[in-house]
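**Student:** Sequence:
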Amino acid sequence: MVVECKDWSKPVSSKEVGWFVNKLLTQECKAGILFSSDGITGDATKDGGEVRYAALTLLKAYQRAGTIVMVLNKTDFQKAASEGTNLIRVLQSVYEQVRFDIRA
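Under the working numbering, the first residue of the sequence shown carries the number -18, and numbering increases by one thereafter.
None of the hints are false.
BS3-like cross-link-like pairs, simulated, lysine-lysine; straight-line CA separation at most 25 Å:
1) Lys(-9) with Lys4
2) Lys(-9) with Lys55
3) Lys4 with Lys41
4) Lys41 with Lys11
5) Lys(-13) with Lys4
6) Lys(-9) with Lys60
7) Lys(-13) with Lys41
8) Lys(-4) with Lys55
9) Lys55 with Lys4
10) Lys(-13) with Lys55
11) Lys(-4) with Lys11
12) Lys60 with Lys(-13)
13) Lys11 with Lys(-13)
14) Lys(-9) with Lys41
15) Lys(-4) with Lys41
Listed next, with one range per pair, are the computed distances between beta-carbon atoms:
16) Glu9 with Gly65: 34 to 40 Å
17) Ile69 with Glu9: 19 to 25 Å
18) Gly(-1) with Thr66: 27 to 33 Å
19) Ser63 with Asn3: 32 to 38 Å
20) Gln73 with Cys(-14): 17 to 23 Å
21) Ser(-10) with Glu77: 27 to 33 Å
Since the hints were made in silico from the structure, they are not lab data. Every residue gets a Cβ at the ideal spot worked out from N, C-alpha and C, and that includes glycine.
Construct the complete structure from the given sequences, taking the supplied hints into account.
**Tutor:** Okay, structure coming up:
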């Protein structure tokens, strides 16, 4: 599994997400984790339910290659800490959101 961290003050763009997906495909990984302080661009939960930009890149990676990228941001960690949830449960939830196209 490939893991990458982006501690940026803005969401990660589709270009950067595309590079990450390419790394996964090159290494023949079926899953990867992208830690991003401010999430990714085109997040349906922020853009009125519409999947665009980086979020669309992730959706296509799963649909075309079966590769799942789990994106975790600061909010995910804060929510897990306040609810007493461990990281495995958070990752499982994000994995299922991608796999089953669930828009939280």
